[in-house]
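A.B. asks: So you can see what is in the structure, the chains are spelled out below.
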Amino acid sequence: MRNPGPLMSIINYASREIQFKIVYYGPALCGKTTNLGYIHQRISPQNRGDLVSLATAADRTLFFDFLPLNAVVIKGFVTKFQLYTVPGQVIYNATRQLVLRSVDGIVFVADSQWEKMEENVESFKNLEDNLAKQNMSLDDIPYVLQYNKRDLPNIGPVNYLEYVLNNRKKRVQSFEVVSSTGQNVFATLNAVSQILLHKFSKQSDSNRGPAAAAGAATPRQTQGVVA
Amino acid sequence: MNAIPVLTIDDVANLDGVLADFLKKAEAELTVVIDRGGNVISQYGDMTVMDVTIIAALAAGSFAATRELARRIGEIEFNALYHQGNGSHIFMNSVDEETIMITVFGPLTTVGLVRFYSTGTAQQVALLLKALQKANHGYTFEASDISVAPIFTDSAPEPTTPS
Numbered sequence: 210m211r212n213p214g215p216l217m218s219i220i221n222y223a224s225r226e227i228q229f230k231i232v233y234y235g236p237a238l239c240g241k242t243t244n245l246g247y248i249h250q251r252i253s254p255q256n257r258g259d260l261v262s263l264a265t266a267a268d269r270t271l272f273f274d275f276l277p278l279n280a281v282v283i284k285g286f287v288t289k290f291q292l293y294t295v296p297g298q299v300i301y302n303a304t305r306q307l308v309l310r311s312v313d314g315i316v317f318v319a320d321s322q323w324e325k326m327e328e329n330v331e332s333f334k335n336l337e338d339n340l341a342k343q344n345m346s347l348d349d350i351p352y353v354l355q356y357n358k359r360d361l362p363n364i365g366p367v368n369y370l371e372y373v374l375n376n377r378k379k380r381v382q383s384f385e386v387v388s389s390t391g392q393n394v395f396a397t398l399n400a401v402s403q404i405l406l407h408k409f410s411k412q413s414d415s416n417r418g419p420a421a422a423a424g425a426a427t428p429r430q431t432q433g434v435v436a
Numbered sequence: 002m003n004a005i006p007v008l009t010i011d012d013v014a015n016l017d018g019v020l021a022d023f024l025k026k027a028e029a030e031l032t033v034v035i036d037r038g039g040n041v042i043s044q045y046g047d048m049t050v051m052d053v054t055i056i057a058a059l060a061a062g063s064f065a066a067t068r069e070l071a072r073r074i075g076e077i078e079f080n081a082l083y084h085q086g087n088g089s090h091i092f093m094n095s096v097d098e099e100t101i102m103i104t105v106f107g108p109l110t111t112v113g114l115v116r117f118y119s120t121g122t123a124q125q126v127a128l129l130l131k132a133l134q135k136a137n138h139g140y141t142f143e144a145s146d147i148s149v150a151p152i153f154t155d156s157a158p159e160p161t162t163p164s
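Keeping their order, the protein sequence lines are chains A and B. One rule links them: number in the numbering used here = place in the first sequence (from 1) + 209. One rule links them: number in the numbering used here = place in the second sequence (from 1) + 1.
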């Protein structure tokens with residue numbers, strides 16, 4: 210049996226909080242930081258902390274961006290989601306590995322432009338490799354795909370993006386997004402958060418035996434959202 | 002897969018006891034135990050002055066980033082890191098393979114005192130966390146406990162009133 214990898218979420222009964230970590234992953238300049246910036250700008254201030262961005266003078270992510278969010282209450286516990294981005298540039302792979310540590314959910318942000326397809330595929334492969342180094346796999350971690358920059362003229366069709374990125378045995382939800390205007394940015398975040406919570410509820414059920422696990426919610430399959 | 006690991010009220014009380022004793026002896030302001038992914042496990046001290054969640058994320062990053070530096074001089078990682086400010090300082094030390102302890106302190110004490118007491122405290126914390134993993138507590142919830150409503154909502158910023 211595979212080693213489950215580093216400790217995932219931990220619950221503090223005293224503070225009555227559950228923490229989850231969601232990582233926005235993707236190639237350089239695909240719009241990961243823009244996603245977090247939009248969420249920070251539009252979410253109610255009492256439900257969020259500061260957006261911490263460790264960027265170079267040219268606004269390229271050097272280390273990571275970080276945005277803590279408070280969300281729904283489940284059985285008296287406040288769920289806290291911590292959103293991270295990884296630096297997309299190829300040279301920062303060690304940083305991407307450390308940001309992926311104890312990840313609970315992933316949003317893979319792809320750049321829809323034709324000339325970025327190779328980088329998208331390389332970044333997705335890089336994600337799989339980096340997870341494998343930590344004894345994790347996309348088979349176990351809730352994730353969704355985001356096809357960003359749908360407002361640009363030179364973009365590939367969604368069918369093609371699905372063909373090159375959503376081709377694992379289990380297909381996942383994907384979203385057409387324009388992160389600069391916020392189109393479907395929240396839809397993506399809500400989808401990965403919902404899948405993540407259901408996974409933990411299912412996980413809980415699986416501890417009580419196969420019968421209970423069989424009755425647990427099944428993950429939703431591919432669902433393209435068109436604005 | 003296991004259920005989500007849980008710190009019970011008793012676990013938290015035990016950890017708080019160890020951390021409170023450490024803060025008193027070291028005369029530090031705040032101490033936070035985090036996992037290496039940046040999640041807060043326990044915290045004690047004056048938390049009004051800073052956002053502990055952000056401190057935890059950045060400290061985990063800082064600790065991991067210096068690992069490569071350690072390798073260059075033949076170490077696996079640095080056991081402790083010290084960031085010196087003008088009035089406030091941060092000392093971080095490794096608790097175990099999964100956990101780090103962060104201590105924030107000011108001019109009332111010295112890094113030597115913090116370092117001295119943090120070593121024993123880290124060992125005590127490691128023992129408590131090890132016992133926690135063996136205890137196999139788990140928090141559970143049903144799929145029906147999760148609301149179908151969107152978890153996060155896109156709300157337009159408040160309109161600014163003209164002056």
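Be careful, since some hints might not be right.
[What the hints assert, rightly or not] Calculated lysine-lysine pairs in the DSSO-like style (CA-CA distance at most 27 Å, straight line):
no.	chain 1	residue 1	chain 2	residue 2
1	A	LYS378	A	LYS342
2	B	LYS131	A	LYS408
3	B	LYS131	A	LYS342
4	A	LYS289	B	LYS131
Bear in mind the hints are in silico, worked out from the structure with no lab data behind them.
A.B. asks: Verify the proposed pairing of LYS289 (chain A) with LYS131 (chain B), using a straight-line Cα cut of 27 Å.
C.D. replies: Within the cut-off at roughly 25 Å; holds.
A.B. asks: Does LYS131 (chain B) pair with LYS342 (chain A) here, judged by a C-alpha cut-off of 27 Å?
C.D. replies: With a Cα-Cα distance of about 24 Å, the restraint between LYS131 (chain B) and LYS342 (chain A) holds, given a limit of 27 Å.
A.B. asks: Hint check: LYS378 (chain A) vs LYS342 (chain A), CA-CA at most 27 Å. Holds or violated?
C.D. replies: holds (21 Å)
A.B. asks: Check whether the Cα positions of LYS131 (chain B) and LYS408 (chain A) lie no farther apart than 27 Å.
C.D. replies: holds (26 Å)
Checked against the numbered hints listed earlier, the structure breaks none of them; every hint is satisfied.
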